Amino acid sequence: MSDSTDTGPVLAADGSPLKQSLARALRREKMRALALIAPLLFFVVLTFIIPILSMLFRSVENQIVSDTMPGTVAAIQDWDTGGGEAPDELVFQHLFIDLFNASEAKEHTKLGTRLNYEQTGLSSLFRTSGRRLDDIGETFQDPLEEIDPAFEEADFWYSMMNGEGGEGLLEERRDMWNAQVGGGMDGDVGFVPSQSMIDLLPWTTTAYTDWAIWAAIEDEDVVAEEEPWEAVYGALGIDLRNPETVAAIADYDGPGAEQLQAAVANMDQLPQTSFREAFAEMDEDWLDPEVWDTIAVYSPRFTSGYFLTAVDMKLSAEGVTAQPEDRQLYIKLFNRTLFMSLVITGSCILLGYPVAWLLANLPLRTANVLMILVLLPFWTSLLVRTSAWKVLLQQQGVINEILVWLGFVDDANRLILMNNQTGTIIAMTHILLPFMILPLYSVMKTIDPSYLRAAKSLGATNIVAFWRVYFPQSVPGIGAGSILVFILSIGYYITPEIVGGTDGVFISNRIAYHISSSLNWGLAAALGSILLVVVLVLYWLYDRIVGIDNVKLGG
Amino acid sequence: MADGASNDAFVEFERVQKSYDGETLVVKDLNLSMPRGEFLTMLGPSGSGKTTCLMMLAGFETATHGDIRLGGKSINDIPPHKRGIGMVFQNYALFPHMTIAENLSFPLEVRGMSKSEREGKIKRALDMVEMGDFGGRRPAQLSGGQQQRVALARALVFEPELVLMDEPLGALDKQLREKMQFEITHLAHNLGITTVYVTHDQTEALTMSDRVAVFDDGRIQQLASPDTLYESPENSFVAQFIGENNTLEGTIKELKGETCIVELDDGEIIDAKPVNVDKVGDRTLVSIRPERVEIDGSRLQEGAHTLDAEVLEFIYMGDIFRTRLRVAGKDDFIIKTRNAPDQQRLQPGQKIKIGWLAEDCRALDA
Numbered sequence: 000m001s002d003s004t005d006t007g008p009v010l011a012a013d014g015s016p017l018k019q020s021l022a023r024a025l026r027r028e029k030m031r032a033l034a035l036i037a038p039l040l041f042f043v044v045l046t047f048i049i050p051i052l053s054m055l056f057r058s059v060e061n062q063i064v065s066d067t068m069p070g071t072v073a074a075i076q077d078w079d080t081g082g083g084e085a086p087d088e089l090v091f092q093h094l095f096i097d098l099f100n101a102s103e104a105k106e107h108t109k110l111g112t113r114l115n116y117e118q119t120g121l122s123s124l125f126r127t128s129g130r131r132l133d134d135i136g137e138t139f140q141d142p143l144e145e146i147d148p149a150f151e152e153a154d155f156w157y158s159m160m161n162g163e164g165g166e167g168l169l170e171e172r173r174d175m176w177n178a179q180v181g182g183g184m185d186g187d188v189g190f191v192p193s194q195s196m197i198d199l200l201p202w203t204t205t206a207y208t209d210w211a212i213w214a215a216i217e218d219e220d221v222v223a224e225e226e227p228w229e230a231v232y233g234a235l236g237i238d239l240r241n242p243e244t245v246a247a248i249a250d251y252d253g254p255g256a257e258q259l260q261a262a263v264a265n266m267d268q269l270p271q272t273s274f275r276e277a278f279a280e281m282d283e284d285w286l287d288p289e290v291w292d293t294i295a296v297y298s299p300r301f302t303s304g305y306f307l308t309a310v311d312m313k314l315s316a317e318g319v320t321a322q323p324e325d326r327q328l329y330i331k332l333f334n335r336t337l338f339m340s341l342v343i344t345g346s347c348i349l350l351g352y353p354v355a356w357l358l359a360n361l362p363l364r365t366a367n368v369l370m371i372l373v374l375l376p377f378w379t380s381l382l383v384r385t386s387a388w389k390v391l392l393q394q395q396g397v398i399n400e401i402l403v404w405l406g407f408v409d410d411a412n413r414l415i416l417m418n419n420q421t422g423t424i425i426a427m428t429h430i431l432l433p434f435m436i437l438p439l440y441s442v443m444k445t446i447d448p449s450y451l452r453a454a455k456s457l458g459a460t461n462i463v464a465f466w467r468v469y470f471p472q473s474v475p476g477i478g479a480g481s482i483l484v485f486i487l488s489i490g491y492y493i494t495p496e497i498v499g500g501t502d503g504v505f506i507s508n509r510i511a512y513h514i515s516s517s518l519n520w521g522l523a524a525a526l527g528s529i530l531l532v533v534v535l536v537l538y539w540l541y542d543r544i545v546g547i548d549n550v551k552l553g554g
Numbered sequence: 000m001a002d003g004a005s006n007d008a009f010v011e012f013e014r015v016q017k018s019y020d021g022e023t024l025v026v027k028d029l030n031l032s033m034p035r036g037e038f039l040t041m042l043g044p045s046g047s048g049k050t051t052c053l054m055m056l057a058g059f060e061t062a063t064h065g066d067i068r069l070g071g072k073s074i075n076d077i078p079p080h081k082r083g084i085g086m087v088f089q090n091y092a093l094f095p096h097m098t099i100a101e102n103l104s105f106p107l108e109v110r111g112m113s114k115s116e117r118e119g120k121i122k123r124a125l126d127m128v129e130m131g132d133f134g135g136r137r138p139a140q141l142s143g144g145q146q147q148r149v150a151l152a153r154a155l156v157f158e159p160e161l162v163l164m165d166e167p168l169g170a171l172d173k174q175l176r177e178k179m180q181f182e183i184t185h186l187a188h189n190l191g192i193t194t195v196y197v198t199h200d201q202t203e204a205l206t207m208s209d210r211v212a213v214f215d216d217g218r219i220q221q222l223a224s225p226d227t228l229y230e231s232p233e234n235s236f237v238a239q240f241i242g243e244n245n246t247l248e249g250t251i252k253e254l255k256g257e258t259c260i261v262e263l264d265d266g267e268i269i270d271a272k273p274v275n276v277d278k279v280g281d282r283t284l285v286s287i288r289p290e291r292v293e294i295d296g297s298r299l300q301e302g303a304h305t306l307d308a309e310v311l312e313f314i315y316m317g318d319i320f321r322t323r324l325r326v327a328g329k330d331d332f333i334i335k336t337r338n339a340p341d342q343q344r345l346q347p348g349q350k351i352k353i354g355w356l357a358e359d360c361r362a363l364d365a
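If you're matching them up, the sequences are chains A and B in order.
Be aware that the first sequence starts at 0, since it is given in numbering that gives the first Met the number 0, and climbs by one per residue.
Be aware that the second sequence starts at 0, since it is given in numbering that gives the first Met the number 0, and climbs by one per residue.
The set of hints was computed from the structure by calculation and includes no laboratory data.
Please read these numbers as outputs of a predicted model, since none were measured by experiment.
Any given hint might turn out to be false.
Some but not every residue of chain A turned toward chain B, in silico, with C-beta under 8 Å [what the hints assert, rightly or not]: (1) Arg131; (2) Asp133; (3) Met443; (4) Lys455; (5) Thr460; (6) Ile462; (7) Pro471.
Label-pair restraints from in silico Cβ distances [stated by the list, open to error]: (8) Leu175/B <-> Pro353/A: 46 to 56 Å; (9) Arg344/B <-> Lys29/A: 57 to 67 Å; (10) Gly21/B <-> Pro353/A: 21 to 31 Å.
Okay, the calculated bits of chain B under chain A, using three or more residues with CB under 8 Å as the criterion [as the list claims (entries may be wrong)]: (11) 83-91; (12) 103-109.
Every residue, glycine too, gets a C-beta built ideally from N, C-alpha and C.
Looking at chain B on its own, in the form it has when it is part of the complex:
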C-alpha cells in the first residue's frame, strides 16, 4: 500500500470486511486513509466491492468487521442521516415530486434552517453549478446533464465535509461526461471538499483524481496517483485494467538490478524491468504500453533486444494509427503511432522489427 494511516487522516477504513451471506467476503480486509481535501476514486470492475465500500461509508451498509472513522471518530453506529455526508447517486435520485429549489431546500429544512438562510444557500449552490434559473422546474423537465448538476448542488448545499459520488456520470454522453468531469474536480478543489468517487471508467478515474484505489476481488490492488498507476502498475491486474496494454508470457532468465531478461514462451529474448518478480525461473507477464513500442530501430538503445513482428491490420484513427501485429505467436499485439507527416504507415503483411526501452516493459506476476 502506498499510503498508511497518517495523523491527519480524515476518512479511515481499518481492516474492514463485508459479507452479505456469511459465506463469501465482498470486501476483504480493506485499509484506506484519506487526508482532508483529497479527491479519491475507487476504480474497479463491477463486483469488485467498490460500491459496497462507498455504501458502508455512507451508512447504508454496515461493516461486518472492522472500523470506519470519519474525522477520527468511529461512525460504525451512526445512522446515515447523522453522518453529514453529501452523496450523488448514479441515477441522481432527484425527488420527482419537488421542484429543483425544493430538492435543494430539503437537506436544509431537515436541519431546521430558517427560510431566508435556506434561500441564500440554495441560490449560491445553484449558481455554483450554473443552474440559477432552474429553481422552479421539476427534475423531469431537465436534461441529464442539468439533473447531474442539480444532484451535485444538492449534495453540496448543506456544506458537507465529505462528498460521495456513485458513478455519477454513467448516464451522460461522452462529451458531456468530459465536461462534467472537469467541473466536478474543479468544484471539489475550489471548495476544498474531500471526495470519494466511484467509477468503473478508468479514464474518468485518471483525469479526475488525486489518488485512485484500484479494486478487484474485494481488495485494493493499488492505491496511487494516476500517473504512477499508469506508468508503474504494481501487478498485472492493474496493468491490464488501467489503459491499453500488451502482455507477453515468459520466464525470468536473468535478474540484474533494474533490468532483467525474460525468455518468452516461443524462445525469444526481451529486456524488461522487474516489478514484482523475485527470482530466476519465475513465470512472468510482461506488459508494454502500445505507445511505448518502437518500430524505428534507430531510436532503440544500443544492443537492445528486438522482436520480429508481422502487420495484421492497420487502423486509421485520426490523431493516431493503431496497428495490430503478430508478435511471439500472439495475434493481439497493438501498437499506437502518432499521426505525424514523417510517420510510417504500415501495410498488412509487412514484416517489421519492434523493440522498447527496458524500463517501459514491466515484468509482473503471472
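In isolation and in its complexed conformation, chain A is listed as follows:
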C-alpha cells in the first residue's frame, strides 16, 4: 500500500504503477468475458450489423450506371440536362461503344432494369438496342472489308494495334470491365496497345483493347488469332470522321498504313449517317430528351433517388419534384402503417391490461393456467394462427356464420372482416397480445397489494385507488409493452399479407414486393432505412417524453 502524501501515481507492492497491475489482473477476466460473448457477437455482426449497413449502402448506391456506361456518363456531363434536346453525336458515339461492351457482357439489361425504375420503357429500349448494335458495327465492317480484305484478318489488326507504351490504356479498360462485370477480368491478355496507335486512332484502339481483354480472358482466345468484334469497325468509322485523324493517317507509315490510307481514300463507301441517327433509327426513343434526362440524373455513383421515391418524390431534370398523383403510394403506406400500429398497440393495452392484472393477482395455481393460455399462441406457428383468423373472419367464416345464426347480422349484409384494415388489426392484436401482457405482468407482479390497501385506508374508493396509486405504477409495464408491440407491428409482414387484402397491407409488404418481385432492392433498402429511422425517432421521442428508465421488462 502506498498511502504517502506524494502526488505521483500509486504504486503496487512490486513498484509498478497500480493502474497497470490492476489492468493486468483484470485482463484475463476481460478476455474470458469476451470469449464468452464472442459467438453471439460474431452472430450479431454477421446477421444484424452487416445486413443493416449493407441495406443503408444499397439505398444510395447507384454505381451500375457509371460502371456500365463510363464513356457516356463522362460525355453527358456537358449536355444541357432538361434542355429539351437529345445530346449530340459525341454522346451517341460513346453510347455505341459502352452499350456494345455491355451487351457483350450481358450487362445492358441490368442497366435497363435499373433505369426502368425511374422511367418506364427504358428496360425494353436497352434490351432491344443491345441486340442491334452489331448491325451498326456491320455497316462499317462490310464496306471496310470490301475496300481491303485485310480488315478481315486477325493478323492485320493485331500487328497494327500491338506495340508498346499502351499499358495505361490496357489497365484502364481492364478496370472498366472489372467494374462492369464485378471483377474476374485479371490475367494475361497477350496484347499491349501501341502508343502510336492510341495517338493516331484513339477510338479504334480503345475498342480493340476492350475486345482484346474480353477475348483473352472471358472467351479464353488468343488475341492475335481472332478477328475483332463489330464495335472496333464502328470505332474506326468514328476515328475516320475526324479530319485531324485523316490528316495524320496520310503521314502514318507503320503497320496497316496502306489499308488505313485506302479506307480514307474510299470514305464515300462508309455509312454517312451519324450514330445519333443510327440510334434513332433503331428506336426513336433515343432522341427523347426525357430518356437522356433520366440517364443524366441517375449517372452519379450515389443517388438520393431511392429515398425520394420512398417518400413519393423523384429526381428529375428540374430537381426534386413530387411524383404524379397516381404514383404516390409510399407516404400513404407509411401513414397507414404508423396509424394501424398505434391502433394495434392501443387495443393490445386495452385487452392485455386486465389479463395481466388477473395474472398478477390470482392465486399462483390459477395464474399458471392462465399464463399457459397466454403463452399458447407462442407455441403455434404464426402462419397457422394467421390462417386460423382467415377461417374465422371471412364472409362465410365462423364469426359471420354465428352472427347470422344469432340474427345480429342479415345474411345479405355479412360483415367484411378481412382483406381490409379490420382484419389486419384483429389478427395482429391477437398475435402481439402476449408481448403486451408479459411485460405488464412482470411489472404488476412487483406492485405490492399493500399500496392499494393503503390507498383505501386513506379514504380512496376502489376506482381512485386504482387510478392514482396502482395505474401510475404499472405505466412502466405499459411503456415496455407498447414499445415492443409497436416496433414489432410496424415491421410486420406475414399477417397483413394474409388477411390484409390491399387496404390492410403495411409498408413491409411493399418492401417484400420490391425485394422478391420487382427486384428493386435499392428502393426496398431505402424504404427499410426510413422505417428504421422512424423507429429510432419514435424511440428517441419516447425516451424524451416517458423516459427509457421508466421501461421495465421485469422486477
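Starting from the known structure of chain A, fit chain B onto it as the hints suggest.
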C-alpha cells in the same frame, strides 16, 4: 378476560370468528373492548390471528361471524375507505411515484379538502414527525426510519380517531426501533389517538402499550397491562411467550391458599403460587423468571425449599451475568444476576443451591 364490554368502549369485537377456507377458524370467538385513547397491542406468534383481527378492523377482511363496532356502530358492512381509520403498514406502503408531500396530500385530496387547508395539515403532520424538510423527496430517497415517520404522518394527517399499525418497526434496526417505539407512544398519547398495534416482538409490546392482548391459536390468551402480563401470566403460554422463563414440570402436592407445594418429576419439593391449578394431584408447569432466582441462601425466607444445581455455563453480558444450570435433571435452567462489585461469578462445574420466593414461582396449567 380482564376487561369486559364497558359503556365507553370505542372499539369492540364481539364473538368475532374468521375462517378463510370454511374448515378451520383463524380467529376463534374474539371478544375485545377498547376505550377511547388507549394504546393496545396485539402480540402473538405468527399465525396466531392477530393480523387477521387488524385486517378485519381495517375492513380488508370480513368477519365470518360476529360483530365489530367502532364508536358504538357496527362497521361490518362499511367499506375500508369509509371507516376513517389510519393505518401504518409493515412495509410502509408509501406510494413510490409520489413525493412525500403528495403522499400526505392523498388522503386529504380524496376527502376534497382545499389546497390551502391541505398544505397546512401536511406541514403540521410532517413537522410532528420531524420530517418538515423532506416534503419534496420521493420515498426511495429516504432511509427506513424516515419512511417510517412519513408513513406515520400519512396515517395521522387526516386526523383519524383510530390508528392501526401492522408491525411497523419490523424492518428497522434495533436502535432506531427503540427510538421509534418511544416516539410513536409519545405521539399517540399526546394526540389522544386510539391505537391498535400489532407485533410479534414482546419487548415492543411491553414498552409501548397501555394493554397487551396476547394471541395464540386464534384466541386472546391474556389481555392485561404489561406489568401484570409479565409478573402474573395467567397461563403457561403467556408465561413462556412474555420474557425469559424457566419452567419445571411436576405435580401439585399440597394446596394451602396463597401457596402450594409442588413435587417435581425427579422427586424434589418446591414452593409455588397456584395460578390456574385447582386440586392436589394436578400436573403443573411452574415458571420462575431468571432474575427472581436467588443463589444467596441468606436472602431466602426461613424454611424455604431449595434445589441443588450445577453450573454448566457462565456468560458475561455486561450489565448482567447469565448462568446456565442443571436443575432437577434439566439442562436449560437460566439465572440472571446483576453485575455488581460484590456479585459472585459462578464457575462451570460449581455446585450451588438455588431458591426463590414462593410468590415468584407460579404454578400454571401443564
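Now for the hints, and whether the structure bears them out:
1. Evaluation of the Arg131/A hint against chain B yields a violated restraint, the C-beta minimum of about 77 Å exceeding 8 Å.
2. Annotation: interface hint on Asp133/A violated; nearest CB of chain B at approximately 80 Å, more than 8 Å.
3. A hinted interface residue such as Met443/A counts as satisfied when its beta carbon comes closer than 8 Å to some beta carbon of chain B; here the least separation is about 14 Å, so the hint is violated.
4. A cut of 8 Å between beta carbons decides the hint on Lys455/A: the least distance to chain B is about 4 Å, and the hint holds.
5. With 8 Å as the threshold, the beta carbon of Thr460/A comes within range of chain B, its nearest partner Cβ sitting at about 6 Å, so the hint holds.
6. For Ile462/A, the suggested interface contact is broken, since its CB lies about 11 Å from the closest CB of chain B, more than 8 Å.
7. With 8 Å as the threshold, the beta carbon of Pro471/A comes within range of chain B, its nearest partner Cβ sitting at about 5 Å, so the hint holds.
8. One distance hint, 46 to 56 Å for the beta-carbon pair Leu175/B and Pro353/A, is violated here, with the actual separation near 41 Å.
9. As the Cβ distance of Arg344/B to Lys29/A is approximately 59 Å, the hint placing it in 57 to 67 Å holds.
10. In this structure, Gly21/B and Pro353/A meet the distance hint of 21 to 31 Å, their C-beta atoms being roughly 29 Å apart.
11. With 7 residues having a beta carbon nearer than 8 Å to a beta carbon of chain A, the stretch 83-91 of chain B meets the requirement of three or more and the stated coverage holds.
12. Counting residues of the stretch 103-109 of chain B whose beta carbon lies closer than 8 Å to any beta carbon of chain A gives 3, which reaches the threshold of three, so the coverage claim holds.
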